[in-house]
Amino acid sequence: MKRFVRLFVELDRTTRTTEKVAALERYFAAVPPADAAWATSVLMGRRVKRAAGTGQLREWVAEASGTPLWLVEESYDAVGDLAETLALLLPPPGPDAPPPPPLHRVMEDWILPLPELDDEATREVVETAWRHLDETERLVFHKLLTGGFRVGVGKKLVTRALAAHAGMDPAVLAHRLTGPWSPDPDTFRTLVDPDADLPDAGRPYPFLLAHPLQLDPLEPEGARELGPVSDWIVEWKWDGIRAQLIRRDEEVLLWSRGEEVVTPAFPEIEEAARLLPPGTVLDGELLAVGDDRPLPFAELQRRLGRKRVGPKILRDVPVKLLAWDLLEDGGRDARALPQAERRGALEALFRNLPERGIPLALSREVDAPDWEALARLREGARDRGVEGFMLKRRDAPYGAGRERGTWWKWKVDPLTLDAVLMYAQRGHGRRASLYTDYTFGVWDGDDLVPVGKAYSGLTDKEIRETDRWIRRHIVEKFGPVRSVEPGLVFELAFDSIRRSSRHRSGVALRFPRMARRRPDKAPAEADTLARVRALLPPAEGHGPAGPGDG
Amino acid sequence: MPSPPPTIRPTDLVVPDAGGLFVPAADLWIDPRRPVPRALVTHGHADHARSGSEHYLAAASGAEILRLRLGREISLQTLEFGEVLQVGDARISLHPAGHVLGSAQVRIEVGGDVTVVTGDYKRQPDPSAEPFELVPCRTLVSECTFGLPVYRWPDPSGVMEEVLRWWEENREAGRTSILCGYAFGKAQRLLASLTPLLGDDPPAPILVHGAVERLLPPYRQAGIHFPPTDKAGVEEARAHKGRALVIAPPSAAGTPWTRKFGPVSVGFASGWMRVRGMRRRRAGDRGFVLSDHVDWDGLMDTVEETGAERVLLTHGAATAAVRFLREERGLAAVELPREDR
Numbered sequence: 058m059k060r061f062v063r064l065f066v067e068l069d070r071t072t073r074t075t076e077k078v079a080a081l082e083r084y085f086a087a088v089p090p091a092d093a094a095w096a097t098s099v100l101m102g103r104r105v106k107r108a109a110g111t112g113q114l115r116e117w118v119a120e121a122s123g124t125p126l127w128l129v130e131e132s133y134d135a136v137g138d139l140a141e142t143l144a145l146l147l148p149p150p151g152p153d154a155p156p157p158p159p160l161h162r163v164m165e166d167w168i169l170p171l172p173e174l175d176d177e178a179t180r181e182v183v184e185t186a187w188r189h190l191d192e193t194e195r196l197v198f199h200k201l202l203t204g205g206f207r208v209g210v211g212k213k214l215v216t217r218a219l220a221a222h223a224g225m226d227p228a229v230l231a232h233r234l235t236g237p238w239s240p241d242p243d244t245f246r247t248l249v250d251p252d253a254d255l256p257d258a259g260r261p262y263p264f265l266l267a268h269p270l271q272l273d274p275l276e277p278e279g280a281r282e283l284g285p286v287s288d289w290i291v292e293w294k295w296d297g298i299r300a301q302l303i304r305r306d307e308e309v310l311l312w313s314r315g316e317e318v319v320t321p322a323f324p325e326i327e328e329a330a331r332l333l334p335p336g337t338v339l340d341g342e343l344l345a346v347g348d349d350r351p352l353p354f355a356e357l358q359r360r361l362g363r364k365r366v367g368p369k370i371l372r373d374v375p376v377k378l379l380a381w382d383l384l385e386d387g388g389r390d391a392r393a394l395p396q397a398e399r400r401g402a403l404e405a406l407f408r409n410l411p412e413r414g415i416p417l418a419l420s421r422e423v424d425a426p427d428w429e430a431l432a433r434l435r436e437g438a439r440d441r442g443v444e445g446f447m448l449k450r451r452d453a454p455y456g457a458g459r460e461r462g463t464w465w466k467w468k469v470d471p472l473t474l475d476a477v478l479m480y481a482q483r484g485h486g487r488r489a490s491l492y493t494d495y496t497f498g499v500w501d502g503d504d505l506v507p508v509g510k511a512y513s514g515l516t517d518k519e520i521r522e523t524d525r526w527i528r529r530h531i532v533e534k535f536g537p538v539r540s541v542e543p544g545l546v547f548e549l550a551f552d553s554i555r556r557s558s559r560h561r562s563g564v565a566l567r568f569p570r571m572a573r574r575r576p577d578k579a580p581a582e583a584d585t586l587a588r589v590r591a592l593l594p595p596a597e598g599h600g601p602a603g604p605g606d607g
Numbered sequence: 028m029p030s031p032p033p034t035i036r037p038t039d040l041v042v043p044d045a046g047g048l049f050v051p052a053a054d055l056w057i058d059p060r061r062p063v064p065r066a067l068v069t070h071g072h073a074d075h076a077r078s079g080s081e082h083y084l085a086a087a088s089g090a091e092i093l094r095l096r097l098g099r100e101i102s103l104q105t106l107e108f109g110e111v112l113q114v115g116d117a118r119i120s121l122h123p124a125g126h127v128l129g130s131a132q133v134r135i136e137v138g139g140d141v142t143v144v145t146g147d148y149k150r151q152p153d154p155s156a157e158p159f160e161l162v163p164c165r166t167l168v169s170e171c172t173f174g175l176p177v178y179r180w181p182d183p184s185g186v187m188e189e190v191l192r193w194w195e196e197n198r199e200a201g202r203t204s205i206l207c208g209y210a211f212g213k214a215q216r217l218l219a220s221l222t223p224l225l226g227d228d229p230p231a232p233i234l235v236h237g238a239v240e241r242l243l244p245p246y247r248q249a250g251i252h253f254p255p256t257d258k259a260g261v262e263e264a265r266a267h268k269g270r271a272l273v274i275a276p277p278s279a280a281g282t283p284w285t286r287k288f289g290p291v292s293v294g295f296a297s298g299w300m301r302v303r304g305m306r307r308r309r310a311g312d313r314g315f316v317l318s319d320h321v322d323w324d325g326l327m328d329t330v331e332e333t334g335a336e337r338v339l340l341t342h343g344a345a346t347a348a349v350r351f352l353r354e355e356r357g358l359a360a361v362e363l364p365r366e367d368r
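Just so you know, the sequences run in chain order F and H. In short: position in the first sequence from 1, add 57, done, that's our numbering. In short: position in the second sequence from 1, add 27, done, that's our numbering.
No lab work stands behind these hints, which were simulated from the structure alone. Quick reminder that beta carbons are idealized off the backbone N, C-alpha and C, glycines included. A portion of the hints provided could be inaccurate.
To list a few chain H residues with every Cβ distance to chain F over 10 Å, as calculated [to be verified]:
1. PRO62
2. VAL141
3. GLN151
4. VAL177
5. ARG192
6. PRO229
7. ALA231
8. HIS252
9. ARG301
10. ASP328
11. ARG337
12. THR346
13. GLU354
14. GLU362
No more than 20 Å apart at the CA atoms, straight line, and that leaves these computed lysine to any residue pairs for SDA-like [claimed, not checked]:
15. F:LYS518 to H:ARG198
16. F:LYS59 to H:ARG198
17. H:LYS268 to H:ARG198
18. F:LYS518 to H:THR282
19. F:LYS59 to F:ALA79
20. F:LYS213 to F:ALA228
All chains should be modelled from the sequences, with the hints used to inform the complete structure.
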């Protein structure tokens with residue numbers, strides 16, 4: 058544990074990637090496989106079953122430190138990180154505190170058994186741990202306990218460091234570390250053994266992620282960078298859930314981008330996948346489609362996370378996997394082939410499937426002779442219920458992670474509205490103790506009604522200035538939320554707008570963010586609810602074309 | 028004049044008003060925010076000592092610094108710590124606050140009733156300031172910059188050892204160590220704390236920013252010992268970069284000024300460094316938890332040990348501390364109006 062906490066501190070102290078990777082490499086070189094396995098697992102963001110509720114933890118810390126519960130909350134509000142707040146509040150361990158056990162013992166002896174224990178026994182374990190740990194060690198322990206371990210390193214950095222340590226190709230290691238593996242020393246030794254021959258029955262490939270296109274292809278610089286439109290495969294970009302469908306031997310597995318198996322939530326896709334030849338892996342987007350038009354993303358979320366889906370929800374929220382890439386063909390890894398060749402093989406595969414009546418569809422190419430024509434088509438994207446285009450370079454292999462220049466998402470220009478700051482809440486992490494999380498409203502007669510929350514889009518300087526303004530204009534406190542006088546107007550940008558019965562305004566914005574501050578506008582000049590509702594897409598029945606008609 | 032909040036009583040010896048903390052019996056203001064006829068200044072920091080008042084009263088050991096900051100020509104009367112001055116109906120004396128050199132608490136006695144205004148204070152050891160003196164009173168007006176229980180200061184000697192280790196690591200990596208702390212107070216505390224650890228023979232040169240250097244003479248006059256230092260000029264930087272420890276004000280961090288030192292590691296010494304989020308936002312490489320203000324435990328101890336029945340809290344997040352004193356300690360506690368209102 059001591060060595061792991063030192064790693065945590067080293068990672069926390071730097072923002073430089075090279076230093077982070079170096080710290081990780083030093084760590085992997087210093088610890089036995091039993092610890093390295095667990096460190097890899099938690100640093101990659103894999104969660105263990107939640108061991109203790111944060112509510113219980115707060116109460117136990119309150120008692121142990123003689124702090125009233127409300128003061129624990131106030132402290133949390135100022136610190137912005139619960140694990141840290143609780144560590145700062147606890148009285149320091151005694152001078153003869155026993156040394157902390159190694160990481161794998163902390164995980165296996167203390168944390169893993171907790172879900173099986175009752176409250177009293179859980180508390181006993183947690184208090185035993187506190188006696189062994191100093192302040193920073195407690196912070197790390199609390200993070201392990203509550204299952205949210207984020208320290209500014211992701212899968213990619215951990216994989217890079219571990220691959221360097223093990224003398225392996227990072228791509229091979231990334232594949233091996235995708236999907237479930239047991240963090241025990243034997244498994245770990247095999248994972249990082251360059252010569253090991255691993256069966257990969259159900260394991261997905263690392264997802265290739267697209268970058269937002271910053272360039273404008275209609276401008277000379279963008280045109281130069283991107284080349285002719287014929288270098289690209291262009292598809293509509295749908296708002297669904299990225300997924301990988303694996304059909305190997307007798308097995309069918311559907312993986313989400315979060316590397317979770319979601320097969321049980323989509324039985325119709327599992328069934329249809331059996332029509333695919335064994336040794337096939339598809340990459341694509343899961344969509345909810347009613348009568349051949351896309352349903353709101355929220356509908357799709359109703360399907361997720363379910364262990365079983367009943368006939369009603371199967372009927373209410375029909376889904377489709379829109380396939381756009383073929384990663385494994387006839388049992389062979391096809392990722393090194395150029396995009397165009399993979400596309401050809403994918404089309405051939407679909408020619409052997411029934412055209413209708415199955416929840417698998419091919420993502421069609423959008424034909425356009427030049428960027429101008431494509432840009433014109435893009436203007437109609439919102440009416441089609443899509444977010445814009447995906448651009449995929451025809452000659453590029455399927456890379457891993459966020460490789461630049463291979464896949465671009467060219468989204469439609471966002472919608473905007475001018476809204477008034479209504480509520481503010483303090484942020485977390487680097488923004489702890491500053492008011493950075495805002496709720497905005499528009500006018501409905503003389504009242505402001507909230508239309509959306511936004512956290513991003515301001516510079517650090519703008520955040521500090523807004524924070525200062527908020528502190529001077531607080532009207533009321535509701536827990537951590539502060540209502541403020543209507544005084545600041547912001548231009549909000551958002552990708553789309555939907556009807557919503559869960560919001561007082563009757564609308565929900567998708568991906569709202571702050572485009573800019575509008576100090577030139579008085580609050581009374583902000584938009585009205587009527588104008589916001591006018592942005593809603595046409596009502597049911599006159600909907601856009603569905604994903605199958607692209 | 029706005030009427031005071033209902034929880035402040037007319038019989039109070041100090042009354043907050045638009046000018047600051049007014050002492051009616053002595054007709055003077057403590058650390059006034061605007062020019063007044065008579066100003067009692069607890070210490071020389073800019074949010075406490077402002078220019079423009081007709082007459083100033085301050086502790087003798089802080090006088091030189093006050094003149095440096097407000098000008099030689101101010102009308103200044105000084106008091107030794109413990110010396111009593113009758114002003115109107117009030118007996119006024121100053122007592123060390125331990126915040127910085129010459130920082131004072133104000134004891135006000137009128138007809139047997141005693142109020143103490145702490146000014147900024149701390150209860151931890153600091154070789155560059157007179158140690159805090161506990162002054163019993165019925166009413167305590169205390170600062171509350173760090174009014175949450177997450178703010179508990181570690182032992183300063185341990186923090187200084189961390190500083191030395193950081194400096195050593197930086198020397199090994201060929202980086203200049205830039206340690207940031209307020210130019211008046213924190214910077215001198217850092218230097219004076221290094222004296223017993225390094226003696227007259229630091230492992231590499233210690234350079235000081237101009238804003239810090241200006242304030243070293245009054246400390247030397249007061250008998251505070253510093254390790255040998257040099258100014259952080261272009262030549263010194265060229266000669267000692269990669270090895271030197273540079274003491275600088277926080278405003279110097281991230282400015283072109285630091286470029287002459289080559290690769291650097293920037294550390295901040297402040298109570299705020301107790302919280303990770305603040306450390307990361309500071310964009311420094313290291314945070315050292317070293318504060319010249321009282322921490323939560325120190326505040327609670329002071330309230331208890333002075334025997335105060337009423338506690339008025341000012342500066343910072345006083346709301347939580349006020350509620351805590353009322354509900355958990357059963358004391359009459361009040362938050363004084365914030366400065367920016």
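> Far enough from chain F: is every CB of that chain over 10 Å from the CB of ARG337 of chain H?
Replying inline: For ARG337 of chain H, whose nearest Cβ neighbour in chain F is about 21 Å away, the distance exceeds 10 Å, so it holds.
>> Can you confirm whether the C-alpha distance between LYS59 of chain F and ARG198 of chain H stays at or below 20 Å?
In response: violated, 25 Å
> ASP328 of chain H clear of chain F by more than 10 Å, beta carbon to beta carbon?
Replying inline: At roughly 14 Å from the nearest Cβ of chain F, ASP328 of chain H sits farther out than 10 Å, so the non-interface label holds.
>> So if I understand the rule, the pair passes when the alpha-carbon distance is 20 Å or less; does LYS268 of chain H with ARG198 of chain H pass?
In response: Holds: LYS268 of chain H and ARG198 of chain H sit about 9 Å apart, inside 20 Å.
> Is LYS59 of chain F within 20 Å of ALA79 of chain F, Cα to Cα?
Replying inline: Holds, at roughly 18 Å.
> Any Cβ of chain F at or closer than 10 Å to GLU362 of chain H, or is the non-interface label fine?
Replying inline: holds, 14 Å
> Under the criterion that the straight-line Cα-Cα distance not exceed 20 Å, is the pair LYS518 of chain F, THR282 of chain H satisfied?
Replying inline: holds, 16 Å
> Taking the closest pair, is the beta carbon of GLN151 of chain H still more than 10 Å from chain F?
Replying inline: Per Cβ check, GLN151 of chain H is outside 10 Å of chain F; nearest 16 Å; holds.
> Looking at PRO229 of chain H again, its CB stays over 10 Å from all of chain F?
Replying inline: holds, 24 Å
> Is the Cβ of PRO62 of chain H farther than 10 Å from every Cβ of chain F?
Replying inline: Nearest chain F Cβ is 24 Å from PRO62 of chain H, so the label holds.
> Does ARG192 of chain H sit more than 10 Å from chain F, CB to CB?
Replying inline: holds, 13 Å
> Taking 10 Å as the cut and beta carbons as the points, is VAL141 of chain H off the interface with chain F?
Replying inline: About 30 Å separates VAL141 of chain H from the closest Cβ of chain F, which puts it past 10 Å; holds.
Hints 4, 9, 12, 13, 15, 16 from the earlier list are contradicted by this structure; the remaining hints agree with it.
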